[in-house]
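> Take a look at the letters that make up each chain.
4 protein chains.
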Amino acid sequence: MEDFKVTKVIDIGNGVKIGGKNFEIIAGPCAVESEEQMYEIGKFLKDLGIKLLRGGAFKPRTSPYSFQGLGFEGLKILNKIKEEYNFKIVSEIMDPRDIEKSCEIIDIIQIGSRNMQNYSLLKEVGKLDKPILLKRGMSSTIREWLMAAEYIEAEGNKDIIFCERGIRTFEDYTRNTLDLVSVPIIKSLSNYPIIVDPSHGTGRWELVPSSTKAALAIGADGAIIEIHPEPSKALSDGRQSLNFNEFKKMYKDIEILKREINNDRNG
Amino acid sequence: MEDFKVTKVIDIGNGVKIGGKNFEIIAGPCAVESEEQMYEIGKFLKDLGIKLLRGGAFKPRTSPYSFQGLGFEGLKILNKIKEEYNFKIVSEIMDPRDIEKSCEIIDIIQIGSRNMQNYSLLKEVGKLDKPILLKRGMSSTIREWLMAAEYIEAEGNKDIIFCERGIRTFEDYTRNTLDLVSVPIIKSLSNYPIIVDPSHGTGRWELVPSSTKAALAIGADGAIIEIHPEPSKALSDGRQSLNFNEFKKMYKDIEILKREINNDRNG
Amino acid sequence: MEDFKVTKVIDIGNGVKIGGKNFEIIAGPCAVESEEQMYEIGKFLKDLGIKLLRGGAFKPRTSPYSFQGLGFEGLKILNKIKEEYNFKIVSEIMDPRDIEKSCEIIDIIQIGSRNMQNYSLLKEVGKLDKPILLKRGMSSTIREWLMAAEYIEAEGNKDIIFCERGIRTFEDYTRNTLDLVSVPIIKSLSNYPIIVDPSHGTGRWELVPSSTKAALAIGADGAIIEIHPEPSKALSDGRQSLNFNEFKKMYKDIEILKREINNDRNG
Amino acid sequence: MEDFKVTKVIDIGNGVKIGGKNFEIIAGPCAVESEEQMYEIGKFLKDLGIKLLRGGAFKPRTSPYSFQGLGFEGLKILNKIKEEYNFKIVSEIMDPRDIEKSCEIIDIIQIGSRNMQNYSLLKEVGKLDKPILLKRGMSSTIREWLMAAEYIEAEGNKDIIFCERGIRTFEDYTRNTLDLVSVPIIKSLSNYPIIVDPSHGTGRWELVPSSTKAALAIGADGAIIEIHPEPSKALSDGRQSLNFNEFKKMYKDIEILKREINNDRNG
Chain Z
1 MEDFKVTKVI DIGNGVKIGG KNFEIIAGPC AVESEEQMYE IGKFLKDLGI
51 KLLRGGAFKP RTSPYSFQGL GFEGLKILNK IKEEYNFKIV SEIMDPRDIE
101 KSCEIIDIIQ IGSRNMQNYS LLKEVGKLDK PILLKRGMSS TIREWLMAAE
151 YIEAEGNKDI IFCERGIRTF EDYTRNTLDL VSVPIIKSLS NYPIIVDPSH
201 GTGRWELVPS STKAALAIGA DGAIIEIHPE PSKALSDGRQ SLNFNEFKKM
251 YKDIEILKRE INNDRNG
Chain W
1 MEDFKVTKVI DIGNGVKIGG KNFEIIAGPC AVESEEQMYE IGKFLKDLGI
51 KLLRGGAFKP RTSPYSFQGL GFEGLKILNK IKEEYNFKIV SEIMDPRDIE
101 KSCEIIDIIQ IGSRNMQNYS LLKEVGKLDK PILLKRGMSS TIREWLMAAE
151 YIEAEGNKDI IFCERGIRTF EDYTRNTLDL VSVPIIKSLS NYPIIVDPSH
201 GTGRWELVPS STKAALAIGA DGAIIEIHPE PSKALSDGRQ SLNFNEFKKM
251 YKDIEILKRE INNDRNG
Chain D
1 MEDFKVTKVI DIGNGVKIGG KNFEIIAGPC AVESEEQMYE IGKFLKDLGI
51 KLLRGGAFKP RTSPYSFQGL GFEGLKILNK IKEEYNFKIV SEIMDPRDIE
101 KSCEIIDIIQ IGSRNMQNYS LLKEVGKLDK PILLKRGMSS TIREWLMAAE
151 YIEAEGNKDI IFCERGIRTF EDYTRNTLDL VSVPIIKSLS NYPIIVDPSH
201 GTGRWELVPS STKAALAIGA DGAIIEIHPE PSKALSDGRQ SLNFNEFKKM
251 YKDIEILKRE INNDRNG
Chain E
1 MEDFKVTKVI DIGNGVKIGG KNFEIIAGPC AVESEEQMYE IGKFLKDLGI
51 KLLRGGAFKP RTSPYSFQGL GFEGLKILNK IKEEYNFKIV SEIMDPRDIE
101 KSCEIIDIIQ IGSRNMQNYS LLKEVGKLDK PILLKRGMSS TIREWLMAAE
151 YIEAEGNKDI IFCERGIRTF EDYTRNTLDL VSVPIIKSLS NYPIIVDPSH
201 GTGRWELVPS STKAALAIGA DGAIIEIHPE PSKALSDGRQ SLNFNEFKKM
251 YKDIEILKRE INNDRNG
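Protein sequences, first through last, are from chains Z, W, D and E. Just so we're aligned: 111 in this note's numbering is position 111 of the first sequence, and the numbers increase by one with no gaps anywhere. Just so we're aligned: 112 in this note's numbering is position 112 of the second sequence, and the numbers increase by one with no gaps anywhere. Just so we're aligned: 103 in this note's numbering is position 103 of the third sequence, and the numbers increase by one with no gaps anywhere. Just so we're aligned: 4 in this note's numbering is position 4 of the fourth sequence, and the numbers increase by one with no gaps anywhere.
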């Protein structure tokens with residue numbers, strides 16, 4: 001492995017750490033759609049050993065007429081699943097005014113791509129004592145992304161996790177171009193961990209497993225992956241969600257590759 | 001001229017209208033730096049006949065350590081100039097919590113590039129009875145830009161002015177690539193007026209005059225242009241600001257071209 | 001007008017000059033399809049006063065199964081039209097081995113976008129005593145484009161005409177993003193003339209007239225425009241071709257704007 | 001592993017095969033600079049077990065005043081090394097007129113990025129009985145890349161190896177954005193093998209080892225890597241060349257990872 005700076009290990013609680021020798025999988029649906037959906041997904045992920053559940057309550061959608069998420073109702077559902085299965089919750093906040101109330105439930109606050117340079121929001125989450133998942137803006141340079149993290153850090157919060165989610169290019173076969181090389185770059189320029197989002201990064205579920213393996217091999221600290229019991233019926237992003245069988249297969253492959261790469265790292 | 005949809009004419013007050021056969025120049029510094037600076041610029045622009053003054057009080061800067069603008073102090077300065085010279089004021093707001101207080105002074109609220117998809121902010125300004133200058137996101141497609149306008153419109157505000165300010169591409173000679181062709185496209189897909197920002201669009205003052213002429217020729221309803229008494233001493237964006245002499249020369253050239261094109265349109 | 005370097009005037013013969021105070025329109029179909037088609041177009045353009053006829057004989061197409069042009073048969077047709085109506089001919093060459101034979105007919109050799117960095121080809125045309133129309137590569141920076149011209153110039157040929165034809169970006173409403181600001185940049189960094197190709201630059205005929213006006217206003221030395229008697233039946237690029245009526249209307253509008261801008265320049 | 005189409009195995013001779021379960025490393029300098037340099041590199045690579053040597057004789061450089069390669073002199077040097085150490089040679093051809101003479105020495109003809117849509121060249125190499133390494137154009141979509149391969153295939157040559165070498169985006173920390181996800185896409189849309197060029201893809205030697213691991217993990221059939229005895233003295237691309245120690249370390253890491261992934265694939 002290259003001689004990077006030492007990555008900070010961020011303790012999420014419940015025995016989960018991001019950074020270090022771990023490669024942590026965060027999974028869940030794009031959007032919280034119903035209690036039933038979340039119990040089904042929660043049970044499945046819990047049985048597999050997943051400890052971090054993602055699920056969007058506030059959804060930033062290009063059109064105001066698309067499904068906008070369930071809002072605080074969605075957070076309440078997330079809270080039930082959290083208590084039932086002992087998950088840590090990753091969810092996005094878009095409005096500074098929603099932070100206080102949301103913080104009772106969310107364990108890792110996600111700043112989405114569209115808000116990577118929403119400096120009011122960055123400053124507010126910078127005042128919290130809670131890890132922030134900072135997604136790369138869809139047309140942000142790495143330098144701008146690092147600067148966005150400095151907005152958070154400057155307010156005192158030093159628990160930041162970068163998340164590469166693809167950048168906008170001319171290529172239209174994929175939804176975005178997943179810039180996996182940003183992983184070793186962030187590791188050389190910063191000491192915060194970085195995970196990869198292959199679901200948004202590719203926009204096609206069939207590319208998610210191989211992209212996740214590449215993320216592990218290139219040195220990422222984890223991945224955040226969309227899963228849905230019936231992707232074709234998802235209210236958003238079904239095209240990029242794995243179903244349960246596909247997810248299970250991928251998760252096992254990753255576990256094997258992880259052990260091999262760790263043996264190699266330690267050997 | 002092509003047979004576009006009829007563009008809505010937005011009445012700013014004080015005899016200023018955007019849309020229709022007009023080509024309105026909005027001018028001012030990137031950032032409000034001091035009362036002295038603003039009086040100097042204000043007097044110069046007033047004498048030329050400019051009626052719309054721009055000036056940033058809240059500045060979204062890539063780095064948290066760059067000059068962030070004077071905030072409400074800056075707005076107070078703008079208010080003095082406004083009363084002294086009878087300008088209408090164009091200024092950016094980034095935080096929904098600043099809207100109420102800012103609205104007493106700002107006549108056209110600017111939504112900046114970085115916030116084009118800050119949906120919380122769009123919804124809030126959608127509730128106002130005040131024109132909104134909606135800048136294109138630096139990597140927004142035209143479709144996403146139109147959708148952002150729909151977030152405002154859906155809340156009831158139908159006084160929207162689009163502003164093309166360049167998109168991010170691989171070309172690095174200019175700060176952005178000014179997509180002038182978006183002007184006739186927006187006019188064919190929407191009935192709101194559209195102006196052009198050649199200062200951010202090119203990032204180089206020497207390219208501003210010719211780009212503004214092209215904006216007029218392609219059918220834009222105006223331009224928003226940065227000016228500074230001493231560009232080399234500007235606290236932000238000096239590289240793209242015209243000085244007084246350059247601005248004056250450009251303004252006169254535009255006035256002539258405007259008359260010619262209008263004669264042609266009417267003839 | 002900005003104080004640019006003085007642009008070289010390239011004498012095409014027959015009283016046609018590119019550079020200087022002129023704004024020359026080159027027109028014709030994307031591809032030479034038949035003698036009948038070319039006579040029809042040739043007569044129409046001649047009557048309007050157009051002196052430079054474009055028409056592709058060798059067509060670089062993305063797929064090997066698309067219409068590839070008529071090759072030397074196409075050049076023969078061009079030659080008949082040339083003799084009948086006294087045009088100067090602009091046509092693309094892709095293979096160094098075709099140059100000698102083609103030069104008997106073609107007056108301005110076009111290097112297409114895909115071949116802007118085909119250095120073998122550039123060196124060969126650099127040895128000719130014939131003007132070269134150097135299209136910008138679809139993802140070329142301005143610096144690379146200037147360097148491509150240096151390949152030609154270094155071999156001795158100093159009759160180069162740049163042609164901005166749009167660059168590849170994420171925006172997909174248009175076929176390319178027409179970078180009109182490249183015009184004043186090229187004029188500041190080089191002394192060769194530059195024309196604009198709004199047909200490829202936008203990919204939509206309805207955007208061609210306004211884009212051509214903007215090209216004139218921003219300082220270009222001409223435009224190259226696709227025209228077809230029946231665009232919907234064109235063997236290539238029909239979507240971006242004007243029909244005769246549309247072309248005529250645009251040509252007259254341009255003539256008026258040209259006079260006005262020249263009056264202004266001279267006044 | 002995902003259920004891709006079965007990849008064709010291309011037999012290079014000398015026991016080297018590209019495609020199938022192999023991950024083949026091609027290595028060598030960007031440009032052949034001298035016999036001495038090539039003997040030094042050749043001996044080093046031979047001792048490590050590398051069988052495919054790359055080295056540019058004809059170099060497509062942005063500026064006509066940069067080092068253009070040694071041309072046929074360079075090929076002669078490559079031939080000596082080839083005979084001394086029993087390598088198979090990978091080298092670029094840019095001019096259809098150089099093919100015949102070059103084919104006596106080159107075993108895999110490389111079509112470079114700038115020539116991916118040089119259709120005259122593609123058709124000529126399509127007539128050969130020799131593997132073609134088809135690099136992706138720096139702004140080519142995957143669809144255009146596949147179409148370029150069809151130009152070769154349509155002439156009869158069905159020994160094509162795709163090579164992902166990064167695409168041009170707004171990100172300027174790296175020379176290009178390495179689109180690793182193109183690997184599983186090409187494998188799903190074509191049955192030809194695909195390798196990765198992390199040297200051009202990143203433009204920074206320190207990013208090459210981790211990117212190569214990611215290429216292996218995502219399913220590529222090999223990598224082509226630049227190496228130089230003294231990168232800081234290289235006549236071209238020194239910034240992205242590994243020195244001998246760095247290369248050796250990377251090569252061993254890849255060998256280990258390769259075994260592990262293959263065990264997994266077979267298990």
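In short, the hints are calculated from the structure, not lab data. Incorrect hints may appear among the rest.
[Stated by the list, open to error] Label-pair distances were calculated between CB atoms; the ranges are: (1) K127/E <-> S34/D: 29 to 37 Å; (2) N22/Z <-> D47/E: 32 to 40 Å; (3) E144/E <-> K233/Z: 45 to 53 Å; (4) K46/Z <-> A154/W: 24 to 32 Å; (5) Q68/D <-> S34/Z: 51 to 59 Å; (6) E155/D <-> N243/W: 36 to 44 Å; (7) G20/W <-> F44/D: 53 to 61 Å; (8) K158/E <-> C103/D: 30 to 38 Å; (9) G49/E <-> E73/D: 26 to 34 Å; (10) P229/W <-> Y65/E: 16 to 24 Å; (11) D47/E <-> E73/D: 53 to 61 Å; (12) C103/D <-> K249/W: 40 to 48 Å; (13) V9/W <-> N191/D: 41 to 49 Å; (14) F44/D <-> N262/W: 44 to 52 Å.
For clarity, every value in this text was computed on a predicted model and none was experimentally measured. Glycine residues also receive a C-beta, built at the ideal position from the N, C-alpha and C atoms.
> Compare the structure with each hint and give your call.
Each hint tested on the structure:
1. K127/E <-> S34/D: 29 to 37 Å: holds, 30 Å
2. N22/Z <-> D47/E: 32 to 40 Å: Once the Cβ atoms are compared, 38 Å apart, the range 32 to 40 Å for D47/E and N22/Z holds.
3. E144/E <-> K233/Z: 45 to 53 Å: violated, 35 Å
4. K46/Z <-> A154/W: 24 to 32 Å: With Cβ atoms ~39 Å apart, the hint is violated.
5. Q68/D <-> S34/Z: 51 to 59 Å: holds, 56 Å
6. E155/D <-> N243/W: 36 to 44 Å: holds, 43 Å
7. G20/W <-> F44/D: 53 to 61 Å: violated, 36 Å
8. K158/E <-> C103/D: 30 to 38 Å: holds, 36 Å
9. G49/E <-> E73/D: 26 to 34 Å: 55 Å Cβ-Cβ, so the 26 to 34 Å window is violated.
10. P229/W <-> Y65/E: 16 to 24 Å: violated, 43 Å
11. D47/E <-> E73/D: 53 to 61 Å: holds, 58 Å
12. C103/D <-> K249/W: 40 to 48 Å: holds, 46 Å
13. V9/W <-> N191/D: 41 to 49 Å: holds, 44 Å
14. F44/D <-> N262/W: 44 to 52 Å: violated, 31 Å
In summary, the numbered hints that this structure violates are 3, 4, 7, 9, 10 and 14.
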